[in-house]
Amino acid sequence: MADAAVGEADAILDRAAAWAAAGRGVALATVVKTWGSSPRAVGSQLVVDDAGAFEGSVSGGCIEGAVVMEARRTIEDGAPRLLDFGVSDEEAWDVGLACGGSIEVFVEKLA
Amino acid sequence: MKAETLARLRAARGERRPVARVAALDGSVDAVVEDGEGPLPEPVLEVVRAALKQNRSHDFEHEGGRWFVQVFNPPLRLIVVGAVHISQPLIGMASGLGYDVTLVDPRGAFATAQRFPDVAICDEWPDDALEALGVDGRTAVVTLTHDPKLDDPALHVALRSEAFYVGALGSRRTHAKRVERLVEAGFDEAAIGRIRAPIGLDLGGRAPAEIALAIAAEMTEALYR
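Chains A and B supply the protein sequences, listed in that same order. Using this note's numbering, you'd call the opening residue of the first sequence number 162 and step up by one each time. Using this note's numbering, you'd call the opening residue of the second sequence number 660 and step up by one each time.
These aren't lab readings, by the way, just hints derived from the structure by calculation. Any given hint might turn out to be false.
[To be verified] The list that follows gives simulated cross-link-like pairs (lysine to aspartate or glutamate, DMTMM-like), each with its CA atoms no further than 20 Å apart:
hint: 1; chain 1: A; residue 1: Lys194; chain 2: A; residue 2: Glu169
hint: 2; chain 1: B; residue 1: Lys808; chain 2: B; residue 2: Glu843
hint: 3; chain 1: B; residue 1: Lys712; chain 2: B; residue 2: Glu701
hint: 4; chain 1: A; residue 1: Lys194; chain 2: B; residue 2: Asp718
hint: 5; chain 1: B; residue 1: Lys836; chain 2: B; residue 2: Asp811
hint: 6; chain 1: B; residue 1: Lys836; chain 2: B; residue 2: Glu821
hint: 7; chain 1: B; residue 1: Lys808; chain 2: B; residue 2: Glu783
hint: 8; chain 1: B; residue 1: Lys808; chain 2: B; residue 2: Asp782
hint: 9; chain 1: B; residue 1: Lys661; chain 2: A; residue 2: Asp211
hint: 10; chain 1: B; residue 1: Lys661; chain 2: A; residue 2: Glu237
hint: 11; chain 1: A; residue 1: Lys194; chain 2: B; residue 2: Asp685
hint: 12; chain 1: B; residue 1: Lys836; chain 2: B; residue 2: Asp806
hint: 13; chain 1: B; residue 1: Lys808; chain 2: B; residue 2: Asp787
hint: 14; chain 1: B; residue 1: Lys808; chain 2: B; residue 2: Glu790
hint: 15; chain 1: B; residue 1: Lys712; chain 2: B; residue 2: Glu880
hint: 16; chain 1: B; residue 1: Lys712; chain 2: B; residue 2: Asp759
hint: 17; chain 1: B; residue 1: Lys661; chain 2: A; residue 2: Asp238
hint: 18; chain 1: B; residue 1: Lys712; chain 2: B; residue 2: Glu674
hint: 19; chain 1: A; residue 1: Lys194; chain 2: B; residue 2: Asp689
hint: 20; chain 1: A; residue 1: Lys194; chain 2: A; residue 2: Glu231
hint: 21; chain 1: B; residue 1: Lys661; chain 2: A; residue 2: Asp175
hint: 22; chain 1: B; residue 1: Lys712; chain 2: B; residue 2: Glu821
hint: 23; chain 1: B; residue 1: Lys661; chain 2: A; residue 2: Glu231
hint: 24; chain 1: B; residue 1: Lys661; chain 2: B; residue 2: Asp689
hint: 25; chain 1: B; residue 1: Lys836; chain 2: B; residue 2: Glu848
hint: 26; chain 1: A; residue 1: Lys194; chain 2: B; residue 2: Asp806
hint: 27; chain 1: B; residue 1: Lys661; chain 2: A; residue 2: Glu225
hint: 28; chain 1: A; residue 1: Lys194; chain 2: A; residue 2: Glu225
hint: 29; chain 1: B; residue 1: Lys712; chain 2: B; residue 2: Glu696
hint: 30; chain 1: B; residue 1: Lys661; chain 2: B; residue 2: Glu696
Bear in mind that the values here come from a model prediction, so they are computed numbers and not experimental data.
Just chain A, with the same shape it has in the complex:
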């Protein structure tokens, strides 16, 4: 598992560096804790720029929109954010956390 993720981790770091070098505002979002069933492992990352472009994944789909929005705020105000996405079994399908898990995501600006 861990090593399948290695190439992906490199791609995120490379993208963050490339966007920063191009003068874009950049934030990194990292899964720091999961409860229950979660499609993405702790340590999974998403890189976001100030226009909302992103690469990577923290949930396998449906919370990415919310994370990108918060990440853009972090790029603007420089403040890190700790986001909680908890879902009940009933809601789980709707946000893509198929088995009812929850995820905590740390968002920080690259500065």
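Take the given structure of chain A and dock chain B to it, following the hints.
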């Protein structure tokens, strides 16, 4: 994350060096740990060293605050010396376990793409091959040729390296002779003691795939214990 942190992580990744990034989740701490050292209190460094060993990123508490350690270990690598019958199932199992596998065998008739279609093959002499690949702490070395001319040079390089697993196929008697040769070559007891021989956990199986499984299981144990 500081730009400097990102630069150091990327530099370490490019050179296959294990590295960890540590952050306090209120944003007050952003540090890099390399070689088990970094600008952090000792209790935090201990958490980070264990995380690197376990290859597991996780959150933790320190002095009332929440922190996160993210592990960036290089990919696991397995170097198999000897394109023999056990190599085939071992390569498949190791690939499934996430290893980048290289098969080393200078005997052209053994290491053919027909027999081993899904693996990087190196036909240099084993010591040259291992030197060129660069054996590090995320690398396992397994010698399977039964031929001292091929196995011993690979073991010489492996025992001078930080390989987390060094295994050599052969019976106890074969290994006793191997030990004599290694002593003559100047290796001490501690170095020679790193060799797993007879190779593999004692699962009782004798079929090639069963021996491969015993080796893969022993590699996994060595990685985490």
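| Do the alpha carbons of Lys836 of chain B and Glu848 of chain B lie within 20 Å of each other, as the hint requires? | Cα-Cα ~14 Å, so holds.
| message | Hint check: Lys808 of chain B vs Asp782 of chain B, CA-CA at most 20 Å. Holds or violated? | response | 14 Å, holds
| task | Below or equal to 20 Å on CA atoms is what counts here, so check Lys661 of chain B against Glu696 of chain B. | result | 18 Å, holds
| message | Check the hint pairing Lys661 of chain B with Glu237 of chain A against an upper bound of 20 Å on the C-alpha distance. | response | Status holds; Cα separation ~16 Å.
| request: Measure nothing beyond the straight line between the CA atoms of Lys194 of chain A and Glu225 of chain A; if it is 20 Å or shorter, mark the hint as holding. | output: Answer holds: Lys194 of chain A to Glu225 of chain A is near 16 Å, not above 20 Å.
| message | Between the alpha carbons of Lys712 of chain B and Glu821 of chain B, is the straight-line distance 20 Å or under? | response | Satisfied, since the Cα-Cα distance of roughly 14 Å is no more than 20 Å.
| request: Verify the proposed pairing of Lys836 of chain B with Glu821 of chain B, using a straight-line Cα cut of 20 Å. | output: Violated, at roughly 24 Å.
| CA of Lys661 of chain B to CA of Asp689 of chain B, is that 20 Å or under? | 7 Å, holds
| query | Within 20 Å, alpha carbon to alpha carbon, are Lys808 of chain B and Glu790 of chain B? | reply | 17 Å, holds
| said: What's the verdict on Lys661 of chain B and Asp211 of chain A, does the C-alpha distance respect the 20 Å limit or exceed it? | reply: 17 Å, holds
| Restraint check for Lys808 of chain B with Asp787 of chain B, where alpha carbons must lie at most 20 Å apart | Given that 20 Å is the threshold and the Cα spacing comes to 13 Å, the pair holds.
| said: Lys712 of chain B and Asp759 of chain B were given as a pair; does the straight-line alpha-carbon distance stay at or below 20 Å? | reply: 19 Å, holds
Of the numbered hints given earlier, the model fails hints 6, 26, 27; all others are met.
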